[in-house]
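Once you've looked at the hints, dock chain B against the given chain A.
Just so you know, the protein sequences line up as chains A and B, in that order.
Just so you know, we're using our numbering here: the first sequence kicks off at 1 and counts up by one.
Just so you know, we're using our numbering here: the second sequence kicks off at 282 and counts up by one.
Worth flagging that the hints you see were computed from the coordinates, not collected in a lab.
One or more of the hints may lead you astray.
Okay, the calculated beta carbon distance ranges per label pair [claimed, not checked]:
| no. | chain 1 | residue 1 | chain 2 | residue 2 | range |
| --- | --- | --- | --- | --- | --- |
| 1 | A | A98 | B | R295 | 47 to 55 Å |
| 2 | A | D222 | B | I454 | 49 to 57 Å |
| 3 | A | A98 | B | F557 | 46 to 54 Å |
Under the rule of at most 30 Å between Cα atoms (straight-line distance), these lysine-lysine pairs were calculated in the DSS-like manner [said to hold, decoys possible]:
| no. | chain 1 | residue 1 | chain 2 | residue 2 |
| --- | --- | --- | --- | --- |
| 4 | B | K460 | B | K569 |
| 5 | A | K205 | A | K89 |
| 6 | A | K172 | B | K284 |
| 7 | B | K483 | B | K439 |
| 8 | B | K456 | B | K569 |
| 9 | B | K317 | A | K172 |
Computed from a predicted model, the values in this text were never measured in an experiment.
For glycine and all other residues, C-beta sits at the position ideal for the given N, C-alpha and C.
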Amino acid sequence: MTSAALDINTATPPLDARSKALRRMVVESVVAAGRGHLGPALSLVEILRVLYDDILRVRPREPRWPERDRCILSKGHGCLALYAVLADKGFFPPDVLATFCAHDSILGGHPEHGMIPGVEASTGALGHGLSIGVGMAIANRLRRSAARVFVVLGDGELDEGAVWEAAMGASKHRLDNLTAIVDYNKFQSYGPTSVVLELEPLLDKWRSFGFAADEVDGHDVDALRDKLRAVPFAAGRPSALVCHTVKGKGVPDAENNADWHHKNKLSAAELASIRAVLGGA
Amino acid sequence: MRKACLDMVHALARRDPRVVYIGSDPGPGTLDRMRKELPRQFFIEGISEAHVIGMSAGMAFEGHVPYVNTIATFITRRCFEQVAVDLCLHALPVRLIGNGGGLVYAPLGPTHVAMEDIAIMRALPGMTIVCPTDAPEMNRFMERTLDWPHPIYIRLGKGGDPVTSRPEEGFEIGKAIVKRDPGRVLIATTGIMVHHVLGAAKLLAERGIACGVAHFHTVKPLDADALADLAAGVEAVVTVEEHTRIGGLGSAVLECLADRLRAPKPVLRLGLPDKFTHNYGSQDGLIKHYGLDAPGIAAAIEAYVAQPAALQRSLEPI
Numbered sequence: 001m002t003s004a005a006l007d008i009n010t011a012t013p014p015l016d017a018r019s020k021a022l023r024r025m026v027v028e029s030v031v032a033a034g035r036g037h038l039g040p041a042l043s044l045v046e047i048l049r050v051l052y053d054d055i056l057r058v059r060p061r062e063p064r065w066p067e068r069d070r071c072i073l074s075k076g077h078g079c080l081a082l083y084a085v086l087a088d089k090g091f092f093p094p095d096v097l098a099t100f101c102a103h104d105s106i107l108g109g110h111p112e113h114g115m116i117p118g119v120e121a122s123t124g125a126l127g128h129g130l131s132i133g134v135g136m137a138i139a140n141r142l143r144r145s146a147a148r149v150f151v152v153l154g155d156g157e158l159d160e161g162a163v164w165e166a167a168m169g170a171s172k173h174r175l176d177n178l179t180a181i182v183d184y185n186k187f188q189s190y191g192p193t194s195v196v197l198e199l200e201p202l203l204d205k206w207r208s209f210g211f212a213a214d215e216v217d218g219h220d221v222d223a224l225r226d227k228l229r230a231v232p233f234a235a236g237r238p239s240a241l242v243c244h245t246v247k248g249k250g251v252p253d254a255e256n257n258a259d260w261h262h263k264n265k266l267s268a269a270e271l272a273s274i275r276a277v278l279g280g281a
Numbered sequence: 282m283r284k285a286c287l288d289m290v291h292a293l294a295r296r297d298p299r300v301v302y303i304g305s306d307p308g309p310g311t312l313d314r315m316r317k318e319l320p321r322q323f324f325i326e327g328i329s330e331a332h333v334i335g336m337s338a339g340m341a342f343e344g345h346v347p348y349v350n351t352i353a354t355f356i357t358r359r360c361f362e363q364v365a366v367d368l369c370l371h372a373l374p375v376r377l378i379g380n381g382g383g384l385v386y387a388p389l390g391p392t393h394v395a396m397e398d399i400a401i402m403r404a405l406p407g408m409t410i411v412c413p414t415d416a417p418e419m420n421r422f423m424e425r426t427l428d429w430p431h432p433i434y435i436r437l438g439k440g441g442d443p444v445t446s447r448p449e450e451g452f453e454i455g456k457a458i459v460k461r462d463p464g465r466v467l468i469a470t471t472g473i474m475v476h477h478v479l480g481a482a483k484l485l486a487e488r489g490i491a492c493g494v495a496h497f498h499t500v501k502p503l504d505a506d507a508l509a510d511l512a513a514g515v516e517a518v519v520t521v522e523e524h525t526r527i528g529g530l531g532s533a534v535l536e537c538l539a540d541r542l543r544a545p546k547p548v549l550r551l552g553l554p555d556k557f558t559h560n561y562g563s564q565d566g567l568i569k570h571y572g573l574d575a576p577g578i579a580a581a582i583e584a585y586v587a588q589p590a591a592l593q594r595s596l597e598p599i
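So that you can see chain A by itself, here it is in the shape it has in the complex (with noise of 0.2 Å):
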């Protein structure tokens, strides 16, 4: 199956209530602190809340045991939707989230180990976060532990090399406690990724690099509960899943909008127009 062939503009179940619920608190932190990358983090909603809902072994309330399965956001960028599903799974107070970015928050721009509960890696600068992640899937298969490894990368990430180092190196350790997503919204800051820098074929980029690639739609709640089941998708091949996803999704205005990448003031009209659009307050 090629990338083409999944069309998610039409095929993707609308948001349900819960979908909508996590992206009123991504808007919510933008509102407070006037700033944010709101359409990096709009994209990914659906990956992280199936993730966090129904794949990781993780204990909110104790986020560093042991056997936790670990979850690195890569693009550090998209971090907002991260907050918003570790504030919505306990890992810190909910209300924590409308001190986004304020001198004295826990929450910056991009997310900082040790400041955040359930934060495995700081993150931000991008290519970084795949091989910390071959490290630390080294690392638990050596203490022989059934912990797994699941990195989250952005598709203008993919431009940076050591991405490309990393995955020869998972592939050359047979990681098959690692699995890659990307959240392939086909935008990066610029514009299309296909303009600034061509990513396709993808799908086959990773298979050639010796990873069990796979394709979703990424806003498909079941669909990308089922594929993540699955992995390994193949014994002793690190896994890769590309998630086709809209950035901005579920903002009308915002989606396939690089004017929407990283987002100042929302102007009122905007606000009211999202609120008509996720319900909330």
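Relative to chain A, chain B alone:
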């Protein structure tokens, strides 16, 4: 010194399962005995320094103490962001073994000559920088690396470096070793330059200029207490390093003295010019070329003590 360092990685790995060795693409046979004896603690990951540093961070997150081995210029220039973010930001105990610190790779040219590695690493919060002077001191130092809670950059000499250290000197990270008590002048140096500086001090003593010598093997964190105490009683401080005069030991000494001493102290910094090397030959050849062998150092200090203002003008401005 290089062999001593790697053999110590093997010895430490035998003793402590947290220790892992990660090489990029070293010479054939490197640490073969360790590879055979401890294969689960031995990794060769290819010419991919950025990835190797991230991988070492991931292993350190899980409790390992990785020793990463590659060429000094590659481990400092190539993967700077990974060193900064993955290692220093997370304060992870990864040890970076920089082969060929300073002018060791003279015949291989400017891509391999590590003339600014200390400056690069010094800029990073939480990074420890150690430049042992010889193989026995390397052994004593490596014993201290196991439980040091920060990343460490280890600057390696060539191997077969003249032995000037003594067992009774011991080794503590962050504590300078006084090799000669200060006279009129204190010479602060690091790494394999100790040998050349001791030679210079001997020549200067014969010419009636008593010089103390202190080995600041740990360039960061600098032993500021020792430096301030030693510097307080001398006419001038001289720094000697196999490194550009920007950002290395000389800069660290200047910064420390500016912070610690109430009265200004004349400081002469001897090191490499702010230029890439375009000569080849040997490490010793380049050391002599830049006036950093014993006679060159002695001549510079003699002239400085006689006419400090004149010599200052002769050094190129930075």
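Status of the hints after comparison with the structure:
1. A:A98 with B:R295: 47 to 55 Å: Taking Cβ atoms as reference, A98 (chain A) and R295 (chain B) lie about 53 Å apart, which means the hint holds.
2. A:D222 with B:I454: 49 to 57 Å: Between D222 (chain A) and I454 (chain B), where Cβ atoms are some 55 Å apart, the hint holds.
3. A:A98 with B:F557: 46 to 54 Å: holds, 52 Å
4. B:K460 with B:K569: holds, 22 Å
5. A:K205 with A:K89: violated, 34 Å
6. A:K172 with B:K284: Answer holds: K172 (chain A) to K284 (chain B) is near 28 Å, not above 30 Å.
7. B:K483 with B:K439: Measuring from Cα to Cα gives roughly 24 Å; hence the hint holds.
8. B:K456 with B:K569: Roughly 29 Å between the alpha carbons, so the hint for K456 (chain B) and K569 (chain B) holds.
9. B:K317 with A:K172: Holds, at roughly 19 Å.
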